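For the protein sequence lines, the chains are A and P, in the order given.
So the working numbering is basically just the index in the first sequence, starting at one, shifted up by 186.
So the working numbering is basically just the index in the second sequence, starting at one, shifted up by 624.
None of these hints come from the bench; they were simulated from the model.
As the structure is a prediction and not an experimental result, all values here were calculated from the model.
One should not assume that every hint holds.
With a straight-line cut-off of 27 Å between C-alpha atoms, the simulated DSSO-like cross-links for lysine-lysine are [said to hold, decoys possible]:
(1) A/Lys370 <-> P/Lys878
(2) P/Lys650 <-> P/Lys989
(3) P/Lys656 <-> A/Lys370
(4) A/Lys332 <-> A/Lys280
(5) P/Lys956 <-> A/Lys367
(6) P/Lys975 <-> P/Lys985
(7) P/Lys985 <-> A/Lys370
(8) A/Lys389 <-> P/Lys765
(9) A/Lys404 <-> A/Lys370
(10) A/Lys281 <-> P/Lys878
(11) A/Lys428 <-> A/Lys385
(12) P/Lys646 <-> P/Lys894
(13) A/Lys235 <-> P/Lys985
(14) P/Lys765 <-> A/Lys367
(15) A/Lys389 <-> P/Lys656
(16) P/Lys683 <-> A/Lys370
(17) P/Lys878 <-> A/Lys280
(18) P/Lys985 <-> P/Lys656
(19) A/Lys280 <-> P/Lys891
(20) P/Lys759 <-> A/Lys367
(21) P/Lys1067 <-> A/Lys389
(22) P/Lys894 <-> A/Lys389
(23) A/Lys404 <-> A/Lys432
(24) A/Lys280 <-> P/Lys759
(25) A/Lys430 <-> A/Lys404
(26) A/Lys224 <-> P/Lys1067
(27) P/Lys989 <-> P/Lys765
(28) P/Lys1067 <-> A/Lys192
(29) A/Lys389 <-> P/Lys761
(30) A/Lys367 <-> P/Lys683
(31) A/Lys370 <-> P/Lys956
(32) A/Lys281 <-> P/Lys894
(33) A/Lys406 <-> A/Lys367
(34) P/Lys1067 <-> A/Lys223
(35) A/Lys281 <-> P/Lys975
(36) A/Lys367 <-> A/Lys281
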Amino acid sequence: MSDELKVPTMADYMAEGKQPEVLFWVGSAGSFDDRAKKITKAFVKILNKANVDFAVLGTEESCTGDVAKRAGNEFLFQMQALMNIEVLNAYEVKKIVTCDPHSFNCLKNEYPSLGGNYEVVHHTQFIQDLIASGRLEVEGELYKGKRITFHDPCYLGRANNEYDAPRTVLESTKANIVEMKRHKLNALCCGAGGAQMFKEPEKGDMDINVLRTEDALKTKPNIIATGCPYCNTMMTDGIKAKEKEKDVAVLDIAELIANNENL
Amino acid sequence: MQYLPNMIFAIILIIAIGFFVKNVKKLIRNIKLGLDVDVSDNKSQRLRNMTMIAFGQSKMVRRPIAGFLHAIVYVGFIVINIEVIEIIIDGLFGTHRVFAFLGTFYDVLIGSFEVFALLVLVAVIVFWIRRNIIKLKRFWKNEMTSWPKNDANYILYFEMVLMCLFLIMNAVDQTIQIMPGTPENHYVEAGSYPISQFLVPLFQGFNFESAVIVERAAWWLHIVGILIFLNYLYYSKHLHILLAFPNTYFGSLKPKGQVNNLEAVTKEVKMMMDPSVDPFAAAPEGAEEEVPAKFGASDVQDLSWVQLLSAYTCTECGRCTSSCPANLTGKKLSPRKVMMDTRDRLEEVGKNIDANNGVFKDDGKQLLGDYISHEELWACTTCNACVEECPISINPLSIILEMRRYLVMEQSAAPSELNNMMSNIENNGAPWPYNQMDRLNWKNE
Ligand code: SF4
Ligand code: SF4
């Protein structure tokens, strides 16, 4: 299947003297993490299906520096940012889409004052637009009536006030969306942010992802939907810790749509 | 002799206001120890925020019970304080109920003060029960022992006593008003007393003299109590009743996810990346002498004055901590404690300055380590739940991040796993040890 994926690079476009409609920022997790790569591919399938003219930077992409910044390393962040901005500006990039809310936030809010001004959207927003403009039709009934609960990523929700796009996309599958008690601006973090993904947690009584998974399980879901590769890992681990992997799946919204449309 | 009470009143008033002004000056001086930030932008948006969040209490209703009770106390406080104007005039000039000439309007005023006094009393009692009997979790976290816990209760007791005094004063006053033999020009018949009328029977058997003694006692205790309360603010979380206004005005207008980019770093990084810059070149003539910038914060003077203002503004309500994922899972981090520590350290620095003729003398202590531990700082997920929750626009996360910056950039004191992650980014552009050249491999897997 994967050989059918069309993933042109910015360099390809440049060689043809063309500009894509949007740059897909894959991100480090999306490029290297085995679980996140599946999300990346699912999103590419959607882009291909909707005939979106997109490109990736490929080997010219580098870490946004977001995680270094949250860890306190402003130097490293700004070096990454300035390097990336040089590449992005050289390609005259106007619009960027990404599946990672951390990259989304960083590119959108923290790159501009360093000279990187782009229109940045999260993939759930992008998919929502594709559906709204009729470029993508959601017709499958795979998830019709299934109980799906959406875990708001902190960097999409509270950080950038986007709560509706992921839910609107989910609704298009006619699934039964069930909300956790803490959701939208009260949502509990999955525990990965602020560089926690890369270290052991401090001493405490339990892990944050387990607490969040308990929140989700209380809705008796068939599926926990995520919109962030890190949340996805955290919730998947939480489901394993609760020994529920047979009953509850953790899937990114891009995967849900790709599966639903049998892409 | 006739003017003795007026003079005593004037002296008490002057002392109380003088002391208050002195503390306000100290407060401003301490806040100004922080670094300068430009918050002169978007005046209309800032004004709107202040009106909505501080004046309109828009974020308090997120927790409906507490929000409703707080609204009663807040409105009651403002309304009943109109009465203080009359009390001060009466005290200074020896009049009694000087606004009584307003007639019906006066009756309405006094009547509504009484209704509010009762409502406030009830609300404050419920607050006390929530804290001390129901023991709501957020009021019983580690940082809420000793002073912070007592402070909260003292405020409630203060308010209970003040409201009771107000009602007693009115109850006796109306008894006196209709006593035969009351001097004509004093204790005029005025005001309506929807609440305190029920207390009148308590004073039935009193003769004129003893009733006046009770009335005067209640009057004096009431106003002196208010003046003491005014001066108590500086030492208490109750300072928020004043500072919530500037704090919501100066609060951030940016998306919560946006963390500021350090300009000093930008300069250095640009220099490093620009091959045409000669790092050894002498500074141009007349350039300011460059003080090497300190990155991040290890003490209160490294924080911005807005952050210091927030520390004084914090109400210690614990909404932030009760929504913090780290705290909820038993980690040491508590965003409320971050704010309380910042205030405590700032007070300590202020006292140090006072004791040393206006200059800070190194006391071998700092906010980082002596107040806030590394363990707390590294437990934060930067999820912004605390920022979202705070009813008065405080951002504990921004202080945590400044301190992380200091730890990493000045002390290279990050946890070792994070150091690995960062060297991966430095060497191959990803937080994991993968080669940048393999970034597109997923396409063919
Ligand atoms: S940002 Fe940090 S301190 Fe604030 S709630 Fe989240 S984890 Fe707690
Ligand atoms: S920072 Fe805000 S939410 Fe936290 S205790 Fe202080 S006032 Fe309450």
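Checked hints:
1. A/Lys370 <-> P/Lys878: Satisfied, since the Cα-Cα distance of roughly 19 Å is no more than 27 Å.
2. P/Lys650 <-> P/Lys989: holds, 21 Å
3. P/Lys656 <-> A/Lys370: violated, 37 Å
4. A/Lys332 <-> A/Lys280: The hint is violated at about 38 Å.
5. P/Lys956 <-> A/Lys367: holds, 25 Å
6. P/Lys975 <-> P/Lys985: holds, 10 Å
7. P/Lys985 <-> A/Lys370: violated, 48 Å
8. A/Lys389 <-> P/Lys765: holds, 17 Å
9. A/Lys404 <-> A/Lys370: Holds. A/Lys404 to A/Lys370 sits at ~16 Å (cutoff 27 Å).
10. A/Lys281 <-> P/Lys878: Holds, at roughly 21 Å.
11. A/Lys428 <-> A/Lys385: holds, 21 Å
12. P/Lys646 <-> P/Lys894: violated, 47 Å
13. A/Lys235 <-> P/Lys985: Roughly 68 Å between the alpha carbons, so the hint for A/Lys235 and P/Lys985 is violated.
14. P/Lys765 <-> A/Lys367: With Cα atoms ~23 Å apart, P/Lys765 and A/Lys367 stay inside 27 Å; holds.
15. A/Lys389 <-> P/Lys656: violated, 37 Å
16. P/Lys683 <-> A/Lys370: holds, 15 Å
17. P/Lys878 <-> A/Lys280: With Cα atoms ~22 Å apart, P/Lys878 and A/Lys280 stay inside 27 Å; holds.
18. P/Lys985 <-> P/Lys656: holds, 17 Å
19. A/Lys280 <-> P/Lys891: holds, 26 Å
20. P/Lys759 <-> A/Lys367: holds, 23 Å
21. P/Lys1067 <-> A/Lys389: violated, 39 Å
22. P/Lys894 <-> A/Lys389: With Cα atoms ~39 Å apart, P/Lys894 and A/Lys389 exceed 27 Å; violated.
23. A/Lys404 <-> A/Lys432: holds, 16 Å
24. A/Lys280 <-> P/Lys759: The given pair, whose Cα atoms are some 54 Å apart, is violated under the 27 Å limit.
25. A/Lys430 <-> A/Lys404: holds, 12 Å
26. A/Lys224 <-> P/Lys1067: Roughly 10 Å separates the two Cα atoms, so the pair holds.
27. P/Lys989 <-> P/Lys765: The given pair, whose Cα atoms are some 25 Å apart, holds under the 27 Å limit.
28. P/Lys1067 <-> A/Lys192: holds, 9 Å
29. A/Lys389 <-> P/Lys761: The given pair, whose Cα atoms are some 20 Å apart, holds under the 27 Å limit.
30. A/Lys367 <-> P/Lys683: holds, 19 Å
31. A/Lys370 <-> P/Lys956: holds, 26 Å
32. A/Lys281 <-> P/Lys894: Holds, at about 25 Å.
33. A/Lys406 <-> A/Lys367: holds, 12 Å
34. P/Lys1067 <-> A/Lys223: holds, 9 Å
35. A/Lys281 <-> P/Lys975: Not satisfied, since the Cα-Cα distance of roughly 53 Å exceeds 27 Å.
36. A/Lys367 <-> A/Lys281: Roughly 35 Å between the alpha carbons, so the hint for A/Lys367 and A/Lys281 is violated.
Of the numbered hints given earlier, the model fails hints 3, 4, 7, 12, 13, 15, 21, 22, 24, 35, 36; all others are met.
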